[in-house]
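S.K.: Sequence:
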Amino acid sequence: MLLEGILSVLNLQTLLLITGGTLLGIIIGSIPGLTVTMGVALFLPVTFAMSPVDGLSLLMGLYIGGTSGGLISAVLLKIPGTPSSVATTFDGHPMAERGEAGKALSVSIICSFLGGMFSLLVLFFVAPKLAEVAVQFGPYEYFAIALFSLTLVAGLSGDSLARGLVAAGLGLTVAFVGMAPITAFPRFTFGWSELDAGISLLPALIGLFAVSQVLEAAESRKVEKPMKTVGFNLRQMGFSIRAGASHALNWLRSSVIGTGIGILPGLGGAVCNILAYGAAKKYSKHPEKFGTGITDGLVASESSNNASTGGALVPLMTLGIPGDNTAAILLAGFMIHGITPGPMLFETQGVLVYGIFTALVIANVVMVLGLFGFMRGFVRVLSVPKHILLPVVMMLCVIGAYGINNRLFDVGCMLAFGVLGWLMKKANLPTTPLLLGFILGPIIETNLRRGLMSSRGDFLPFLTEPISGLTLLAAFAVVAVTAYRAIRPSQKASLLPSG
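The sequence shown runs 447 to 945 under my numbering.
Keep in mind that the hints were calculated from the coordinates and are not lab data.
Be aware that a few hints might be false.
Unchecked claim - List time: in silico EDC-like cross-link candidates among lysine to aspartate or glutamate, alpha-carbon distance up to 16 Å:
#1 K872 <-> E734
#2 K872 <-> D642
#3 K871 <-> E665
#4 K871 <-> E662
Said to hold, decoys possible - Restraint-style ranges between C-beta atoms, simulated for each label pair:
#5 L909 <-> L458: 37 to 43 Å
#6 F494 <-> L698: 48 to 54 Å
#7 L898 <-> F570: 38 to 44 Å
#8 L919 <-> R895: 18 to 24 Å
#9 N874 <-> F634: 23 to 29 Å
#10 Q582 <-> F922: 20 to 26 Å
#11 P491 <-> L909: 44 to 50 Å
Computed from a prediction, not measured in an experiment: that's the story for all the values here.
Every residue gets a Cβ at the ideal spot worked out from N, C-alpha and C, and that includes glycine.
Please take these sequences and the hints and turn them into a complete structure.
M.R.: And the structure:
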């Protein structure tokens with residue numbers, strides 16, 4: 447069955463579909479505002495007339511390429527092409543500004559590949575057992591995990607605990623706009639029907655991390671020279687075995703975080719890459735260098751976000767539960783071909799399953815070759831003067847925000863969040879906790895409500911359930927330790943850059 451599955455994709459047509467899908471995914475992921483979810487959804491109808499192996503191989507290529515493509519604009523423009531590449535901007539762009547764009551891109555590409563391959567090994571060997579653990583989680587566990595994720599970033603970012611909590615509170619406030627979960631009661635809509643569905647994530651993300659950057663650059667009166675790029679000699683890219691070995695523990699830890707978060711439905715790369723970045727900084731011998739252009743940060747971010755791809759497929763293929771938004775579109779891809787993912791998939795469609803595994807491996811290889819093949823063109827973006835580049839970036843932001851729902855309201859939201867991000871930087875407030883609060887807010891609220899409904903209004907089960915109780919205790923410990931360190935004048939408390 448394994449051999450049949452491998453052979454099912456080793457034909458010219460399927461290989462071309464995997465290659466084309468991966469390269470298209472890279473392009474889509476590299477353009478701010480165009481997401482891998484959008485790309486997979488766009489090409490879903492194209493697979494109707496294809497065989498299941500061909501159609502799903504194309505979608506898997508788009509998934510892998512789109513997730514990786516976000517690193518390009520994150521490094522070169524400090525704009526996360528996808529939500530999962532936010533932390534890549536923290537160290538990738540400072541390296542590019544120092545003339546080390548080639549090194550930053552190459553480290554990111556290699557770590558994306560290694561993180562992706564790690565998660566595929568987990569998918570192949572450990573999927574059933576990991577999925578069994580994740581499916582046992584109820585509202586108590588999901589509430590605790592989401593709250594812990596929020597306190598980890600909010601409590602240990604910026605220059606103080608207070609600033610991190612304020613930023614996280616802003617994010618939670620934004621997340622509460624729209625219909626309340628379960629009751630569907632409108633909140634903070636002020637009579638605007640556009641706000642009934644809440645504020646879209648991507649316009650907010652583009653505004654916080656792209657428009658704010660444009661405003662900051664436009665405010666500066668300094669005439670900047672075109673950025674200097676490095677040559678493409680492999681020795682200048684940090685590819686030595688010794689350098690790679692020094693990052694092995696960071697890569698492994700980040701890949702485990704990415705795969706683990708990917709398995710939990712609703713979290714995904716947008717959360718895991720920031721958590722992995724925070725963990726890398728916490729255990730680093732030189733945490734003060736994070737955010738200034740250090741390869742450790744790139745290793746953590748890119749290893750984790752690509753590891754989340756295989757993780758998200760674990761509950762999808764073994765239980766029929768998508769791990770993230772893109773996996774939900776992939777679920778539709780299975781369904782239109784008459785295939786129902788779940789526990790019986792490996793028995794009834796074993797050849798297809800192993801064919802998909804093979805397609806994912808090939809897509810990761812194509813991703814590396816494609817990104818390295820076009821690296822010179824990507825790095826040349828830095829030679830464009832900012833008075834030309836900034837209007838182009840702003841135009842891409844507007845196109846990306848408008849293209850999500852085809853409405854000008856999202857463009858207005860993007861501009862509003864851009865101004866908010868710019869003001870937060872002036873006030874020395876970190877924007878990362880705001881983003882995490884926005885993402886995790888609905889997860890926290892929905893599972894809190896479900897848990898209280900299950901316990902008939904009793905909060906005690908949140909503490910007495912073993913996993914949720916220990917996780918909430920860990921969240922309290924993180925905030926307490928951070929507050930203690932912030933009080934000590936000799937301690938500079940910071941796990942993430944304030945931008």
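S.K.: Is the distance from the Cβ of P491 to the Cβ of L909 consistent with 44 to 50 Å?
M.R.: holds (48 Å)
S.K.: The hint says 48 to 54 Å between F494 and L698; measuring C-beta to C-beta, is that right?
M.R.: violated (41 Å)
S.K.: May I ask you to test the hint 38 to 44 Å on the CB atoms belonging to L898 and F570?
M.R.: holds (39 Å)
S.K.: Just to be careful, I want the Cα atoms of K872 and E734 compared with a cutoff of 16 Å; is the pair within it?
M.R.: violated (21 Å)
S.K.: Are K871 and E662 close enough, with their CA atoms no more than 16 Å apart?
M.R.: holds (9 Å)
S.K.: Range hint 23 to 29 Å: satisfied by the CB atoms of N874 and F634?
M.R.: holds (27 Å)
S.K.: Check the hint pairing K872 with D642 against an upper bound of 16 Å on the C-alpha distance.
M.R.: violated (31 Å)
S.K.: Taking 37 to 43 Å as the hint, is the beta-carbon distance of L909 and L458 inside that range?
M.R.: violated (59 Å)
S.K.: Evaluate the given range 18 to 24 Å for the C-beta pair formed by L919 and R895.
M.R.: Taking Cβ atoms as reference, L919 and R895 lie about 22 Å apart, which means the hint holds.
S.K.: A range of 20 to 26 Å was offered for this pair. Does it hold for the Cβ distance of Q582 and F922?
M.R.: holds (24 Å)
S.K.: When you check the alpha-carbon spacing of K871 and E665, does it fall within 16 Å?
M.R.: With Cα atoms ~13 Å apart, K871 and E665 stay inside 16 Å; holds.
The structure does not agree with the numbered hints 1, 2, 5, 6 stated previously, though it agrees with the rest.
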